[in-house]
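**Q** Here are the chains, one letter per residue:
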Amino acid sequence: MAIAMRVRAGSGEIKILMTHPSENGLRKDAKTGQLVPAHFVKNVTVAVNGKTVLDGQWGGGVSKDPYLSFKVKGMKAGDKIAVNAEDNKGDKGSAEASAS
Amino acid sequence: MNSIRRHVLKAAGSAGLIGTAIAVGLLKPGQALAAWNEAGFSATKPADALAAIGASGAATSNDVQVKAPDIAENGAVVPVEVVTKLANVESIAILGEKNANPLIAIYNLTDFDGSLSTRMKMGQTANVRAVVKAGGKFYTAAKEVKVTVGGCGG
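Protein sequence lines correspond, in order, to chains A and B.
The first sequence runs 9 to 108 under my numbering.
The second sequence runs 22 to 175 under my numbering.
Among the clues, some could well be false.
Stretch-level coverage of chain B by chain A, calculated; a stretch enters the list once three of its residues show a Cβ under 8 Å from a Cβ in chain A [said to hold, decoys possible]:
1. 85-99
2. 124-131
3. 140-154
Since the hints were made in silico from the structure, they are not lab data.
Backbone N, C-alpha and C fix where the C-beta goes; we use that ideal spot for every residue, glycine too.
Looking at chain A on its own, in the form it has when it is part of the complex (with noise of 0.2 Å):
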């Protein structure tokens, strides 16, 4: 299942929104009692104009739905902005935007 999620870029800035549990296996199922296994976005790569700015990885301490926002350098408007996306399960995802 793909990993979903919603950038924006503008005024130096990029901004990163992802839909995901991020479980880091440590909290109990209030229903089963049992463990509800890790699952969470490991690696994130952002790329401008192809070149990559952020090569970040995650562990299970991201809140869900995990937010990221951060301040480029030389970005301007019409840049494209590539986001690439993978957690422990192998799912990925991407998304792509125009710098404003």
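Place chain B on chain A using the hints.
**A** Below, chain B alone, put in the same frame as chain A:
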């Protein structure tokens, strides 16, 4: 859906993430992404997590600021911003010192412009620590966040 997204999603079914990124020209072949830091993310003590990212000797620095709420009402979603004026930032790591696994995130960066924000889980009042690697050296700062309702479940 534009044709590039359709191509990426189709290729993602058959090729790995890196293969897909190369296929659509997002990565140059041979440009390696950092491997997931198993030792760092499974460390249960902050010192071990820092060692796993090579940052044991990080110097406390006023050039790094951790911005986070004084009191987080919902420990499941604690917003953290790392701000620094240091030049040549190579990476930022974020730790929750009392998390079961303190290492939360590692970001390797290029053309970084001083501010990065994310959201993390905290189970109890603790320091949130940022470790910034710039110009080959590690700098660190922390902020205590009080947690009223823990966010790690259990």
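**Q** Just pull the numbers of the violated hints for me, sorted ascending.
**A** none
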